[in-house]
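Peer 1: Residue numbers (the working numbering), protein chains in the order written: chain A, 1 to 308; chain B, 1 to 308; chain C, 1 to 308; chain D, 1 to 308.
Note that these hints are calculated values from the structure, not bench results. Fair warning: this is a prediction, and the values are worked out from it, not measured in the lab. For glycine and all other residues, C-beta sits at the position ideal for the given N, C-alpha and C. Each hint should be verified, as a subset may be incorrect.
Taking lysine-lysine and the BS3-like style, the derived pairs with C-alpha atoms no more than 25 Å apart in a straight line are [said to hold, decoys possible]:
{"hint": "1", "chain 1": "A", "residue 1": "Lys-88", "chain 2": "A", "residue 2": "Lys-98"}
{"hint": "2", "chain 1": "A", "residue 1": "Lys-282", "chain 2": "B", "residue 2": "Lys-133"}
{"hint": "3", "chain 1": "A", "residue 1": "Lys-133", "chain 2": "B", "residue 2": "Lys-285"}
{"hint": "4", "chain 1": "D", "residue 1": "Lys-161", "chain 2": "C", "residue 2": "Lys-290"}
{"hint": "5", "chain 1": "A", "residue 1": "Lys-98", "chain 2": "A", "residue 2": "Lys-122"}
Covered stretches of chain C, going by a simulated chain D footprint (3 or more residues, C-beta under 8 Å) [said to hold, decoys possible]:
{"hint": "6", "segment": "50-57"}
{"hint": "7", "segment": "87-99"}
{"hint": "8", "segment": "105-116"}
{"hint": "9", "segment": "157-165"}
{"hint": "10", "segment": "283-290"}
Number of protein chains: 4
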Amino acid sequence: MRIAHLGHAELRTPKLEESVNFFKNVLGLEETERTGQSVYMRAWGDWEHHTLILTESDHPGVEHFGWRVGAPEDVEAFAKEIEARGEKVTRVEAGTEKGQGDAIRFSYPGGQTMELYYDVEKFQPGIKRSALKNAPQKPPYRGLGVRRLDHINVLSSDVTKARTWLQEVLGFNLREHLYVEDNVEGGSWLSVTSQVHDIAIMQDATGQNGRLHHLAYWLDNREDVLRAADMLTDEGTIIEAGPGKHGITQAFFIYLLEPGGNRIELFSGGYQIFAPDWEPIKWSKDEIEKSIIWWGSPLPQEFFIYGT
Amino acid sequence: MRIAHLGHAELRTPKLEESVNFFKNVLGLEETERTGQSVYMRAWGDWEHHTLILTESDHPGVEHFGWRVGAPEDVEAFAKEIEARGEKVTRVEAGTEKGQGDAIRFSYPGGQTMELYYDVEKFQPGIKRSALKNAPQKPPYRGLGVRRLDHINVLSSDVTKARTWLQEVLGFNLREHLYVEDNVEGGSWLSVTSQVHDIAIMQDATGQNGRLHHLAYWLDNREDVLRAADMLTDEGTIIEAGPGKHGITQAFFIYLLEPGGNRIELFSGGYQIFAPDWEPIKWSKDEIEKSIIWWGSPLPQEFFIYGT
Amino acid sequence: MRIAHLGHAELRTPKLEESVNFFKNVLGLEETERTGQSVYMRAWGDWEHHTLILTESDHPGVEHFGWRVGAPEDVEAFAKEIEARGEKVTRVEAGTEKGQGDAIRFSYPGGQTMELYYDVEKFQPGIKRSALKNAPQKPPYRGLGVRRLDHINVLSSDVTKARTWLQEVLGFNLREHLYVEDNVEGGSWLSVTSQVHDIAIMQDATGQNGRLHHLAYWLDNREDVLRAADMLTDEGTIIEAGPGKHGITQAFFIYLLEPGGNRIELFSGGYQIFAPDWEPIKWSKDEIEKSIIWWGSPLPQEFFIYGT
Amino acid sequence: MRIAHLGHAELRTPKLEESVNFFKNVLGLEETERTGQSVYMRAWGDWEHHTLILTESDHPGVEHFGWRVGAPEDVEAFAKEIEARGEKVTRVEAGTEKGQGDAIRFSYPGGQTMELYYDVEKFQPGIKRSALKNAPQKPPYRGLGVRRLDHINVLSSDVTKARTWLQEVLGFNLREHLYVEDNVEGGSWLSVTSQVHDIAIMQDATGQNGRLHHLAYWLDNREDVLRAADMLTDEGTIIEAGPGKHGITQAFFIYLLEPGGNRIELFSGGYQIFAPDWEPIKWSKDEIEKSIIWWGSPLPQEFFIYGT
């Protein structure tokens, strides 16, 4: 019984068409399906029907995000485990979310709604099929051409509580964490894969619980991130922060807000964790600065306050 | 009970000092210990006491290579499983190999000697400690500065038999394979991590069983590989093949022979596999060319014949 | 009286629309004007009305290529100098070639037709205007997005004679040359700018005079060239040679044939020459191999024979 | 009569050995000669005896910087021209500065001391000779391995006056300039080569005349600059600003202070100017922000005040 990987996120946007246009023509995502107020998308390197759902709403934010589990029976097994922990679990029938089989949704102490599922349609490339058989399709060479959905970063009122739940119930591994005071965990980075983080939970400076900090896409190298900065600036998209390198995760990043108001990270770099006995890297209060910005500009104040 | 990751390889070399000098000053590895005819080394991004042992011998080759298992008890559990499959298992006492706890060694149908272990000393950086706490040490900025040991590629007389054994006994996942004839598997790429391959097994054109094709080091991006080509050429090291990109694994590579005669790959790129239901990519006879060289020069004949 | 820089080339193509489509959608050029059987194009980093003219013809090749001179009066001054050297000079009235003022055309010992001109329309970006005021337009982020026309490489039956004429009459500086026999110059690389070559002249192995070897476009870095290889291969364009690095010029290259049959080089790297007393680098017979391929695959035989 | 290129700079440092160590082991320069309180150095891609002189002094700053002229007779011809403009010219005998022939020194309205010379010893690589005949030596692969001295940026109390003098007397071309008020030129970027700038003159916010803002070294691509940021940070060197991209010059940069206190820029990118009729790019008051930082962090206040 295990979580396999981050599957997708459903973001709310007050400007659906502008958001779709941004993800499609600037970031270079592919649209795979539309239904009602929702548009399903994926990056060219994503294998599944969708890794992003944009849904029209009066305010931005994350409606839910989904994890693929390791086996069909894990969905129900996790449901029981989660219910045993006192959380309410909702069954979502196959097809409710396009391209997806039976799923469960639930809240957790971090505040966002998460989903678990196993069955999912594979993307059918059709004329976009690549002769490179291990690629889900030809790269679109449109916009920035981000390669794949990588991780999600959420805000919580109690980081320790939220990340402990992820460790205990869903089997996440704690990879790095930052203490902003001796007893206050300001952020935790966890994964079920060999990546440093599939999810990060950061303390919400406003005291809220359940907001999105950012959704992150992977680019193959740092030059691609710089090329993204070139294009975004000329297209008039404001780069909120970066380029720079985080100490935590070693990610080389830029951040921006998509037209709907949700924060997006474009990044490359980082490192892989294969050791079965990895000891979480603990950054203490006096290491905050370097842990957040190894080099590059200090993050703007807004970065620590604004979430959706 | 699981294999966690590739731990190290012990290479034989008829020119120990020349080999050590090459790995240290050209590739940029660190020497951690010497004992008898063996020198222990690691790349700056490797966390353990060693990931390479160079041992003086009258001919090159791979003495053994080791896998770290997921838990202490897995060593003995695997020993029983392997013995049940009819292979002889040798217990290697803690300390026999420096920095390493109790281990087992055995041969498998692929012909090479493999080792399983769990306990291993972590590298102690001392004055090389990086302020980047999630890095095992400061990069040496010496030579090419390869970041970490990545995978091993071995030659076998019967690829299907060897890779099936790895799947059935050690739990490896088959990621890609190539059929050179309708019923002849020319190569298989397998992993226990999210990497496309931790090990590859290719058909030995000479009919032998158990030789090494190459040991591969990871560099962070393609520009680093090109920089390596610049340096190697000026230092007089012959680049056997590349730069080019394999279809299988999507690796961007160069190959060379270290002074002892063993083939080394320097590479970046590739892709990650997170899907729990990954279906092995099967390249058929008529796709051989593109599967081997997606672009870049055809590999020299020697590449398909020479092994150690 | 001086040549300022390479201005443009007019290539003949038997497949005009296919060629235009390739330069536009694969290489990422911009179309600026059409007239009769000719299409005018430029790269996004080129400042002038056009740097390439594609003209329909029954066979590929270079109709002419043009140099911008340093001052308006240089056109006529060069005309007199060239006539004094015994070459026939044709006056081309302003507007005959779109966007261009009065020009002269003439043949020279290398066999191709060259053009000199000063007046030329600047490209007017309109809605493509970049906020980056020192860029002629926004990058299109379409296809490979090659940045600018860089140099031309032509074939001649007598390299020494051709390059000497360029030095003596047009004031070119010899930067590097290669002797394939003690007394036979196999290639010369010359420039009027600080680049290693604005033009190269190579010996035509077939004994002809006046053919084109290739036209070269600049990309900002080596990663862009590798990205080009990725895209071209997936689009089905055969990469004739590379990636690799020439010893001569230090260029990191790939070569391909556009649909009309003309060879195109995509490259980055090289070096700048600022010294007023630069002594031409002379590569001798026994240095041929390294001078041509510093590293990367040997060039195919066709590379030394095929020209247009 | 022309200036060919920037030849070298003599920097004063209160910490000679620390500065030498920094330029040598961090930036990767080569030491070529020592005499009295001065150490002569060059980058591996520089062809001459030296491009930097570090001279012990009680305070940092630029003692002088030198330009190579186009022909031997230009030294004296410029001397007469400069004297005619009312500046005092000092003859510096061959050998006074090591490796250099007869030179002249003089001040100009910008306040710094400049030098003109033609004769200079070429660097003799000896065992560092590269098989790449068009490279002055093998890359050292030590530290950052900056490739060559690129430009100098100085502070002046009257930018317009200083740059006009450079244009009128030394024949510099104005490439870009920035007006901080309608009638106040805040900075000018000029060159004699096809580079955007061989020298930049910026307004000294403190009203002084003659200080150094920074000396800049070229790296071959943006990835090299990021790699520099990685190394510098781990070595404990504070990156004063960047990485980021200037609008003016399109340079991708980082800035730092060497141990003696002088500011150094490491950069790549930019663009080439070949047009004989280049019209200086004029950035106006309301374009200041984008002209200075196209993207990347705002420059710290110190950047606009601190000079040596």
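Peer 1: So, for every hint listed, does it hold in this structure?
Peer 2: Now for the hints, and whether the structure bears them out:
1. Lys-88(A) with Lys-98(A): It holds: about 23 Å lies between the C-alpha atoms, which stays within 25 Å.
2. Lys-282(A) with Lys-133(B): OK: Lys-282(A) and Lys-133(B) at ~8 Å, within 25 Å.
3. Lys-133(A) with Lys-285(B): Since the Cα atoms of Lys-133(A) and Lys-285(B) sit roughly 14 Å apart, the hinted pair holds (cutoff 25 Å).
4. Lys-161(D) with Lys-290(C): violated, 50 Å
5. Lys-98(A) with Lys-122(A): Measuring from Cα to Cα gives roughly 12 Å; hence the hint holds.
6. 50-57: Contact hint for the segment 50-57 of chain C vs chain D: violated, 0 residues under 8 Å.
7. 87-99: With 0 residues closer than 8 Å to chain D, the segment 87-99 of chain C misses the three-residue bar; violated.
8. 105-116: Violated: only 0 residues of the segment 105-116 of chain C have a Cβ under 8 Å from chain D.
9. 157-165: violated (count 0)
10. 283-290: Contact hint for the segment 283-290 of chain C vs chain D: holds, 3 residues under 8 Å.
Going through the hint list in order, the structure does not satisfy hints 4, 6, 7, 8 and 9.
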